[in-house]
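Take a look at the letters that make up each chain.
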Amino acid sequence: MGQEKRAIMRYQKYMGYQKYQRYQKYLTFFRMRFLAGLQYRAAALAGIVTQFVWGLMELLMFRAFYQVNPNAFPMTREALASYIWLQQALLAIFMTWFLENEIFQTITDGGIAYELCRPTDLYDMWFFRSMANRLSKAVLRCIPILIVAAFLPAPYGIGLPSSLEAGLWFIITGFLGFLVVVAFCMLIYIITFFTYSPVGVRMVAISMVEFFAGSVIPLPFLPNGIRQLVELLPFASMQNVPLRVYSGDIAGVEIYARAALQLFWVIVLLWLGKRLTAVAVKRVVVQGG
Amino acid sequence: MIKVEHISKTFKVSRRSAGFSEAFKALFHRQYECIKALDDISFTIEEGEMVGYIGPNGAGKSSTIKVLSGILTPESGNCIINGRVPWKERTAHVNEIGVVFGQRSQLWWDVPVIDSFELLRDIYRIPKEVYNNNLEELVTLLNLEQLIRTPARQLSLGQRMRCEIAASLLHSPMILLLDEPTIGLDAVSKIAVRDFILERNRNHKTTVILTTHDMQDIETLTKRIILIGKGNILMDGNLEDIRKQFSTNKRLTVEYQGDHIDFCEGMTPVSSSNQLATFDIDLSKLNVSDAIAYISRQVDVNDISVDGPSIDEVVAKLYHQYQI
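If you read the protein sequences in the order shown, they are chains A and B. Converting from the first sequence to the numbering used here requires adding 77 to each position, the first position being numbered 1. Converting from the second sequence to the numbering used here requires adding 974 to each position, the first position being numbered 1.
Keep in mind that the hints are not guaranteed to be accurate.
[Claimed, not checked] Short derived list, chain B residues pointing at chain A, Cβ under 10 Å: (1) Lys986; (2) Leu1046; (3) Val1059; (4) Trp1061; (5) Thr1065; (6) Ala1066; (7) Asn1069; (8) Leu1093; (9) Arg1095; (10) Leu1151; (11) Phe1170.
In short, the hints are calculated from the structure, not lab data. Glycine residues also receive a C-beta, built at the ideal position from the N, C-alpha and C atoms.
Start from the sequences, fold in the hints, and give me the full structure.
Below is the structure:
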């Protein structure tokens, strides 16, 4: 027994493994979750069809706007089409309502007991798990939607990124936006520790975010005055930035400012989430005996 | 090794009666009651000891296990396990303990059990050789050969529980906390699990704390029992001593040929039918051999058996005595 323990310790010290190993377990967790997520083929197929139809409907709606008054249109129609198709293709990455019921369940039915028996940080573990879950869903769904959208005629299809630089920044701001989304969802999970039931938090958080993040209508369509304010909120650091960078709607120096704001929100949300988790774990009640 | 001192934990419980109007009232004015789940609990457990932790439902058994495993933070009191306070150094602490919650599952529902094991291997950073050795030992002892390649959702409760126990031991914990590990198991699985726990304790010097309602578990596994009721430790002692203390009666079953048996003082008839009679003997008034002699003088005895009170009866008496 003691011998085995020592063997473990020796192993951990070996080659300064400690640091690298610290994240190894989260990566394994990521891999497991990612592979599990890939299993759901039927759900993915249903998702693809829904999102494709939804994208078409949105485009038709905006077409009607455009026909009424082309001058009042705040984006080019090509930029808007790219925005909508990317949004539909990457739904699983950027939509806050893509929450994991399993995590809520763990909190509400007391499964949390086992999660707390592990030598892992609860926040980190759930963070990686959420990322993996979203990525695995997005991987299955995005390609068919993007391929079909690429073949649609001019103002309705998706084009290539406006420049190589835009493409690169799309990836960077997309990743930052992804982190903002996951960090925000972590707050929803953690608040459940205090409210015991996720229903209320979920509803309030989601309906608020959907609007302010630009998933109902892109933020440029909001009236002046309100728009400038909304752009500063963390919700505007989610899909709003990468989807507009892609088509050149946000370009030049403005990209840096937006990316910096995204980074700011990532840090704030992570900090807040970690603090709240620490408090929640102290007062955790394992429900259901 | 485990030292628990004056631990208290209170839960706030909202209560209301049934019915629509009560539910409506509770919207505006909610009544809370503070339940003392643990009230000034203290005990010490040495390395390699096996302790049975018993008490009626809601006595605070599971809460104690959760405090010991670092999940719950008590309001007051202190607890040192291997030199650490569980809830303050949770991650370091849980590396050294294995926990089984009989009514929950730690296995991933959709994937084969072996995948969950490998995830645990990475989470606990178990070196390859240690993992392989442990896995082999666990698979053989708990008979998991077939089971580990099956998804957890397709296992029966008993099969799953064996896998759960294996999962808790992959990282060679020095302390094993078992919260009702035999709940819902069939006789074969129960015996397998018990034998396994015994073996683990004998060969690995694993300290085991076990809560259960199955007194057979306690009888086969532990010498020492701690009785908890309403959040208080009522008794901490040796199982045999307690049994003696409560063994004031013996039950005698006699199969005989002859008319009928007269009773003497200290014998209480329980049942008597065709050539078969059962008596309770009060040991303070009559000893067993005298009773047998007394009976065999009257009738031809074919067969006779003497039973002490079962452990279940002893415990029921204990609960009764402490009014819990």
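(message) Holds or violated: the hint that Ala1066/B contacts chain A, with Cβ atoms closer than 10 Å.
(response) holds, 7 Å
(message) Under 10 Å is the threshold here; is the Cβ of Leu1093/B close enough to any Cβ of chain A for the hint to stand?
(response) holds, 6 Å
(request) Go through the hint on Asn1069/B and say holds or violated, using the shortest Cβ distance to chain A against 10 Å. (result) holds, 5 Å
(message) Hint validation: Phe1170/B versus chain A, beta carbon distance must be below 10 Å. Holds or violated?
(response) Interface hint status for Phe1170/B: violated (16 Å vs cutoff 10 Å).
(request) So, Lys986/B near chain A? Judge it on the closest CB pair being under 10 Å. (result) holds, 9 Å
(message) Let's test the interface hint: is any C-beta of chain A closer than 10 Å to that of Thr1065/B?
(response) holds, 4 Å
(request) So, Leu1046/B near chain A? Judge it on the closest CB pair being under 10 Å. (result) holds, 7 Å
(message) Please check whether Trp1061/B passes as an interface residue: C-beta within 10 Å of a C-beta belonging to chain A.
(response) holds, 8 Å
(request) Closer than 10 Å between Cβ atoms is the bar; does Arg1095/B clear it against chain A? Give me holds or violated. (result) Result: holds, 8 Å to nearest chain A Cβ.
(request) Have a go at the Leu1151/B hint: is there a Cβ in chain A nearer than 10 Å to its own Cβ? (result) The hint holds - Leu1151/B has a Cβ within 10 Å of chain A, the shortest such distance being about 9 Å.
(request) Would you settle whether the hint for Val1059/B is holds or violated, based on the nearest Cβ-Cβ distance to chain A being less than 10 Å? (result) violated, 13 Å
This entry does not satisfy hints 3 and 11, going by the numbered hints stated previously.
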